[in-house]
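One line per chain: the protein sequences are D and U, in this order. When the letters of the first sequence are read in order and numbered with the working numbering, they come out as residues 1 to 363. When the letters of the second sequence are read in order and numbered with the working numbering, they come out as residues 1 to 209.
Since the hints were made in silico from the structure, they are not lab data. In this text, a Cβ means the ideal position worked out from N, Cα and C, and glycines have one as well. Hints should not be assumed to be uniformly reliable.
Straight-line distance between alpha carbons at most 25 Å, and here's what the computed PhoX-like set of lysine-lysine pairs gives [what the hints assert, rightly or not]: (1) U:K90 - D:K159; (2) U:K126 - D:K16; (3) D:K15 - U:K123.
Residues of chain D clear of chain U, computed beta-carbon distances all greater than 12 Å [claimed, not checked]: (4) I201; (5) F206; (6) S222; (7) K266; (8) L285; (9) F312.
Under 10 Å between C-beta atoms, here's a sample of chain D residues computed to sit facing chain U [claimed, not checked]: (10) Y7; (11) F11; (12) V29; (13) T31; (14) M117; (15) L121; (16) F125; (17) F131; (18) M165; (19) I301.
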Amino acid sequence: MDIVKTYKKSFEITKKFKYLWIVGFAVAVSTASAGFNFNSFSSFSDFNNNENVNVSDSLKTVTNPESIDTLKGSVNSINEASGVKKEPKSFEEEKTFFLSVLKVIIYNLNGFFSVSMLWFLFAVFILSFVFGSFIKIVLKTWSLGALIGGIFNALFDKKVSLKEMSHYGKRNFKEMFLLLFLPKLILSTIAFVLVLPVVLIVILNFKNLSSPSIIVLLLFISMLDFFILFVLSILYKGIMAYAERLCIHQRLSWEDAFKSGFLMFKKNIMDTFLLAIVNKISKSLFFLVFIIIPLIIISVIVMGLSLAGEVFILLMVIVSVVLFLPFMFVWSFFLGALNTFEYTTWNILYLEKVKEMEVIDGR
Amino acid sequence: MEDNVKTAGYLLRLLAKGIDINILFIPFFIVIKYYSVVKTTYAFLNTTMVLLVVILLAVYIGILYNTYLTSRFGGTIGKLIVGLRVVDEKGEFLTDRRAFFRCTVGYFVSGLFFGLGYFWIIKDNKNQGWHDQISETYVVQRGVSAMSVMLGIVSVFAFIIFYSLSFYSLYQDMSKNFEYIVTDFRLQINNIMYQIKDLDNSQDSSIKL
Chain D
1 MDIVKTYKKS
11 FEITKKFKYL
21 WIVGFAVAVS
31 TASAGFNFNS
41 FSSFSDFNNN
51 ENVNVSDSLK
61 TVTNPESIDT
71 LKGSVNSINE
81 ASGVKKEPKS
91 FEEEKTFFLS
101 VLKVIIYNLN
111 GFFSVSMLWF
121 LFAVFILSFV
131 FGSFIKIVLK
141 TWSLGALIGG
151 IFNALFDKKV
161 SLKEMSHYGK
171 RNFKEMFLLL
181 FLPKLILSTI
191 AFVLVLPVVL
201 IVILNFKNLS
211 SPSIIVLLLF
221 ISMLDFFILF
231 VLSILYKGIM
241 AYAERLCIHQ
251 RLSWEDAFKS
261 GFLMFKKNIM
271 DTFLLAIVNK
281 ISKSLFFLVF
291 IIIPLIIISV
301 IVMGLSLAGE
311 VFILLMVIVS
321 VVLFLPFMFV
331 WSFFLGALNT
341 FEYTTWNILY
351 LEKVKEMEVI
361 DGR
Chain U
1 MEDNVKTAGY
11 LLRLLAKGID
21 INILFIPFFI
31 VIKYYSVVKT
41 TYAFLNTTMV
51 LLVVILLAVY
61 IGILYNTYLT
71 SRFGGTIGKL
81 IVGLRVVDEK
91 GEFLTDRRAF
101 FRCTVGYFVS
111 GLFFGLGYFW
121 IIKDNKNQGW
131 HDQISETYVV
141 QRGVSAMSVM
151 LGIVSVFAFI
161 IFYSLSFYSL
171 YQDMSKNFEY
181 IVTDFRLQIN
191 NIMYQIKDLD
201 NSQDSSIKL
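Please build the complete structure, drawing on both the sequences and the hints.
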């Protein structure tokens with residue numbers, strides 16, 4: 001495989017067929033995973049661990065002191081009246097206290113929420129999650145099929161329009177859907193089975209976690225899991241690089257596409273790795289040049305100007321707000337083009353390998 | 001599609017969309033209106049929770065509303081009032097599957113790049129947005145008259161005026177009740193803090209013993 005030639009051809013295709021960018025961006029958006037942040041928990045534990053903060057102080061921060069006085073008297077006075085002096089608490093005491101506070105809050109939830117309403121909200125959340133996931137999978141399946149098919153059309157000098165691309169997205173939809181869903185499900189199940197022993201060991205030996213034998217065992221199993229999952233995920237990505245294209249180009253069933261994808265990956269393992277590494281490096285360089293370096297430069301300028309005076313800070317905030325939307329607009333086009341470029345390189349490699357195999361088979 | 005069929009332009013479609021948005025806003029409005037009688041933390045939080053449920057369901061109800069009406073009647077209520085129909089290349093109404101595809105994948109793609117796909121209706125000679133192009137559909141004029149357009153404009157303005165007046169009265173009611181809610185909230189929080197304080201004290205006493 002000639003990487004320079006592949007990159008040149010990909011660049012030409014990406015530059016010429018701008019409709020591909022739309023679907024390229026759709027693929028980028030539909031394959032992006034949502035992140036969840038559980039850091040909010042730490043704010044409560046910080047409050048609990050801070051020896052200097054007594055309850056009355058925190059009470060004052062959430063309520064108006066004047067209204068507290070009109071109630072049963074300030075908590076501070078209760079604190080003084082009880083004559084209890086604060087002693088540093090051990091971890092176990094802190095844990096017990098924290099659990100008791102949680103119990104109090106849960107018990108008092110009845111005063112804030114209707115329990116049946118909470119259950120209803122939970123059910124709606126689950127329902128929207130399931131429905132949302134279904135729509136996301138449909139989107140991903142369509143956009144991937146449309147992008148790969150559109151690039152094939154571009155490579156074969158055929159018409160590239162949204163209509164043509166959409167045709168590819170819908171053409172082998174069921175098989176593509178299964179190809180994207182089932183192997184990933186199997187991989188996730190394997191990951192779950194591998195991680196389960198680690199979780200079980202931690203739960204069963206919660207009190208003896210500091211024991212050297214447990215630490216060694218956990219380290220060994222974790223590293224083994226990591227290695228197995230790393231190899232499996234590389235294998236999965238390598239197979240899928242060919243299987244997705246086989247499913248769209250030759251309209252194979254998901255099973256046949258996966259099997260043939262495996263054979264193609266096995267036969268062309270070096271070229272596949274080479275392209276994957278070059279793509280990764282070029283993508284990282286692209287992000288570095290167009291996102292990280294400009295952000296660093298902007299941050300330095302903003303910090304410099306902030307030292308100069310408040311007027312400059314205000315000016316910078318206004319300029320940032322005004323520039324944000326155009327930047328996002330341009331950036332979405334960039335992302336679409338970048339995705340198109342990357343998928344084109346894979347399509348070129350696939351076609352090259354199919355051609356080689358046809359020559360070998362004498363077709 | 002036949003050449004003599006007249007497709008619908010951007011403004012007509014925007015008018016139809018305006019009516020639909022107003023219709024889909026009705027459930028939100030009912031829940032939001034309930035805030036005017038809310039006077040306790042309990043009622044406030046539970047009403048907010050119902051609002052959250054409505055917001056979560058709105059997207060999916062919107063999809064079902066769009067899919068069902070488009071496949072059965074050729075368009076949503078807004079489109080029907082203005083006199084527009086969504087059809088395929090043969091001029092027939094869409095199947096359920098195609099209507100679902102149009103209002104999920106189609107609207108998603110049109111929404112990319114800050115809704116550029118919707119503005120494509122202005123540029124395209126057949127007035128097809130990206131969602132029309134990928135689902136191979138056309139929005140055609142069937143029974144658009146001065147009367148239907150007027151009816152559309154009047155209904156959009158009627159909704160806007162109705163919502164504005166209602167929100168103004170809601171704002172007045174809420175500003176009256178806000179004090180009750182805040183006081184009740186403080187009481188509830190104080191109650192919890194006292195219980196926590198008791199726990200803290202009892203734990204410290206037990207340590208001393």
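**Prompt:** Which hints, by number, does the structure contradict?
**Reply:** 10, 11, 13 and 19
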